[in-house]
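Listed in order, the protein sequences are those of chains A and B.
Under my numbering, the residue at position 361 of the first sequence is numbered 361, and the numbers go up by one with no gaps.
Under my numbering, the residue at position 310 of the second sequence is numbered 310, and the numbers go up by one with no gaps.
What the hints contain is simulated information worked out from the structure, not anything from laboratory work.
Don't take each hint at face value.
Since the list gives no way to pick out one identical chain from another, each pair is judged satisfied if it fits inside one copy or across any two copies.
[Said to hold, decoys possible] Subject to a maximum C-alpha distance of 25 Å in a straight line, what follows is the list of computed SDA-like cross-link-like pairs (lysine to any residue): (1) K264 / R39; (2) K157 / R249; (3) K264 / L221; (4) K157 / A123; (5) K159 / I186; (6) K159 / N179; (7) K264 / E3; (8) K157 / L224; (9) K264 / M1; (10) K264 / D190; (11) K159 / I228; (12) K316 / A198; (13) K264 / G73; (14) K157 / D251; (15) K157 / R2; (16) K264 / R2; (17) K264 / G70; (18) K264 / W68; (19) K264 / G100; (20) K264 / L72.
There are 2 protein chains.
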Amino acid sequence: MREVAIIGIGQTTVEEHWETSLRDLAAHAISAALTNAGREMVDGIFIGNMMSGMLSRQESLGALIADWSGLLGAEAFKVEAACGSGAAAVHIGTMAIASGYMDSAIVMGVEKMTERSMPEVTAALATAADADYESDHGTTFVALNALIMQRYLHEYKWKHTELAPFSINAHENAMHNPNARLHERITLEDYAEARMIADPINLLDASPTGDGAAALVLVPLESLHGSIVPRIVIAGSAAATDSIAVHDRRDGLWLSAAHASALKAYGQAGIQPADLDLFELHDAFSIMAALSLEACGFAERGQGPRLGLDSELGPKGRIPVATRGGLKARGHPVGATGVYQILEIVQQLRGEAGENQIEGAKIGMAQNIGGSGSNIVTHVLKRL
Amino acid sequence: MREVAIIGIGQTTVEEHWETSLRDLAAHAISAALTNAGREMVDGIFIGNMMSGMLSRQESLGALIADWSGLLGAEAFKVEAACGSGAAAVHIGTMAIASGYMDSAIVMGVEKMTERSMPEVTAALATAADADYESDHGTTFVALNALIMQRYLHEYKWKHTELAPFSINAHENAMHNPNARLHERITLEDYAEARMIADPINLLDASPTGDGAAALVLVPLESLHGSIVPRIVIAGSAAATDSIAVHDRRDGLWLSAAHASALKAYGQAGIQPADLDLFELHDAFSIMAALSLEACGFAERGQGPRLGLDSELGPKGRIPVATRGGLKARGHPVGATGVYQILEIVQQLRGEAGENQIEGAKIGMAQNIGGSGSNIVTHVLKRL
Chain A
1 MREVAIIGIG QTTVEEHWET SLRDLAAHAI SAALTNAGRE MVDGIFIGNM
51 MSGMLSRQES LGALIADWSG LLGAEAFKVE AACGSGAAAV HIGTMAIASG
101 YMDSAIVMGV EKMTERSMPE VTAALATAAD ADYESDHGTT FVALNALIMQ
151 RYLHEYKWKH TELAPFSINA HENAMHNPNA RLHERITLED YAEARMIADP
201 INLLDASPTG DGAAALVLVP LESLHGSIVP RIVIAGSAAA TDSIAVHDRR
251 DGLWLSAAHA SALKAYGQAG IQPADLDLFE LHDAFSIMAA LSLEACGFAE
301 RGQGPRLGLD SELGPKGRIP VATRGGLKAR GHPVGATGVY QILEIVQQLR
351 GEAGENQIEG AKIGMAQNIG GSGSNIVTHV LKRL
Chain B
1 MREVAIIGIG QTTVEEHWET SLRDLAAHAI SAALTNAGRE MVDGIFIGNM
51 MSGMLSRQES LGALIADWSG LLGAEAFKVE AACGSGAAAV HIGTMAIASG
101 YMDSAIVMGV EKMTERSMPE VTAALATAAD ADYESDHGTT FVALNALIMQ
151 RYLHEYKWKH TELAPFSINA HENAMHNPNA RLHERITLED YAEARMIADP
201 INLLDASPTG DGAAALVLVP LESLHGSIVP RIVIAGSAAA TDSIAVHDRR
251 DGLWLSAAHA SALKAYGQAG IQPADLDLFE LHDAFSIMAA LSLEACGFAE
301 RGQGPRLGLD SELGPKGRIP VATRGGLKAR GHPVGATGVY QILEIVQQLR
351 GEAGENQIEG AKIGMAQNIG GSGSNIVTHV LKRL
């Protein structure tokens, strides 16, 4: 198996891109990534996207984006794993390079969410859940996460405000990320007073939607010949599934797919959780941040919020998370999110994270969650 | 790179499965393929599907289908390349096994089309074309193919009825395929008198929609240890893209992505077109059959129909096509079609094609076309 290196990164801001279409967002990110890599062409393009058919009446994203980005001829496919689509595309592109079938690839994510009404977007997001047994009964995606959070607060006796540090940290970090959706510090008081969305999830527990695209250029490490410094490799790339419907899980407070995919990625990379310098976790809702930290070995069950209360998640903490704003404040353009996470780790490992730089960062992990924990993709990146 | 073998196949019939949901169709095909392979679990599942979000309000097919098929935990992703989604899933699964990231995989396709109204299905199919520059102007998918066929008849001076042999052959072959959508011989007269859909495409130029699922089990060839006979390997697996919009092509009568992906697959397999014993081509419309034969080296430009008129496409002809009915008569459940094609080649190479058996078949090719030729995936299979 060939080792895979990331030699280029590109992104758009996450925001309401009223003047920029789906294809333009994708082409901007690709163009930036190719320029960053010093390349003009690739063998393949893997595109993480969830909702283009429903929201933009556009499938066939592979041909569309290859065409619009000046990469015509290249192999190009869309990959879908709900909110985990971005990292799924990276995972599949990694296998394509590792296999020898391709010598270069763009792996990317793009989502255009803000040109439709909120009810339409909410309905499209609900297709990540079980259509027959969850969504058709009126359960939205945030409602499913609210059920999980409600049970968590009850089971482990946390007060709602004790989960505030996840969002406060994310918003603080986003202040220094020019591509983030929200540049707005929040306080414990803001959090406590935020408008309720689906009890107990309030506005400051939930990540904002947005339009955005992010792209990486992958090549075999063996092709680099010392020309690129530092070398960033994908040391672990793994996924796992859990029941799509929350009510079908043996244990609704345990992200078994996060645990399984992290264990696999740790094994591939030959590391332990303690070796990680940062963790871009999937804080679509604060409850998911807590559960991810527990499933990946950073906290005992039920004790994820303790890390936030003890200031262990900030840039100088034990395990920095959401270092450029996370889903909560960088924003969550669904199918692109997993690629933003990995791109931000590359920035950290290259020492290009500016005010957000984690000093001496050498190993980082990104975890992208599809559905309410049903499809989870975990990557470990290393600076060689 | 590890060689990849196909050790199991499973399919549902292609029809209007009123009583069977999307997830059930998928689970039936997976279950049949696993039984055929003598396996119970796999490392990964790659699902070709185009329209589940739009027609069934269900994305996250990876988790859904892993869950419903009793394969929970396995990695699972949906792959989309319009009508080429099925073969795209096979291609990606092949790379996953070749890379060493996975030691077994289900590659499959599933599409549920008949529970929605025809206008809804037509609109969903149109998302394979360019939303901004084709579909939004009212051009349906069949209309785009009609433009190509009109130009082809004009340019090469064929009479419409001279393209009839493609459909007559496909319908004849489907008579012996119990999984085919249509069991109905047609004559030249039937063809000539068929109802016009989008001039010059009539009802007997066009493949029927349908519900269906097909699945294959892939493993590394090196893992077989002589236990399975005959051994069928994926000797070539390649794709290419062309402009998504038909009007953007330099030459609207040349499938450049079919040509490029076939050349790549021939090279990987070390064969010439003349070495092929059969060719499962993408006869969604008769014009696509003609253009595929030309792009893949079986006829000079503009001369594809000649092969049909000379009876070279039947089971005993120079290059048998649509040997189990093709898209025209086996049916075209969009995202599943590419997997049906490859499955049917496995049947031929195993000698399990019954009345349709191509004697001594050792090498077969399947070509799956996404959009109006914008994303094309070609596979060459060999019996060792």
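We went through each hint and held it up to the structure:
1. K264 / R39: between (32 Å within a copy, 22 Å between copies)
2. K157 / R249: Only inside one copy: K157 and R249 sit 22 Å apart there, 63 Å across copies, limit 25 Å.
3. K264 / L221: This pair counts as both: shortest intra-copy Cα distance 21 Å, inter-copy 24 Å.
4. K157 / A123: neither (33 Å within a copy, 50 Å between copies)
5. K159 / I186: For K159 and I186, only the intra-copy Cα distance (18 Å) is at most 25 Å; the inter-copy one is 72 Å.
6. K159 / N179: This pair counts as neither: shortest intra-copy Cα distance 32 Å, inter-copy 58 Å.
7. K264 / E3: So K264 and E3 pass the 25 Å test inside a copy (16 Å) and across (24 Å) alike.
8. K157 / L224: neither (52 Å within a copy, 53 Å between copies)
9. K264 / M1: both (16 Å within a copy, 22 Å between copies)
10. K264 / D190: Neither, since 39 Å and 59 Å both go past 25 Å.
11. K159 / I228: For K159 and I228, neither the intra-copy (49 Å) nor the inter-copy (60 Å) Cα distance is at most 25 Å.
12. K316 / A198: For K316 and A198, neither the intra-copy (33 Å) nor the inter-copy (66 Å) Cα distance is at most 25 Å.
13. K264 / G73: Between copies, since 12 Å is at most 25 Å while 34 Å is not.
14. K157 / D251: within (17 Å within a copy, 68 Å between copies)
15. K157 / R2: Close neither inside one copy (48 Å) nor across copies (52 Å); limit 25 Å.
16. K264 / R2: Both ways: K264 and R2 sit 18 Å apart in one copy and 21 Å across, limit 25 Å.
17. K264 / G70: between (36 Å within a copy, 21 Å between copies)
18. K264 / W68: Answer is between; shortest inter-copy Cα gap is 23 Å, intra-copy 36 Å.
19. K264 / G100: both (22 Å within a copy, 14 Å between copies)
20. K264 / L72: between (35 Å within a copy, 16 Å between copies)
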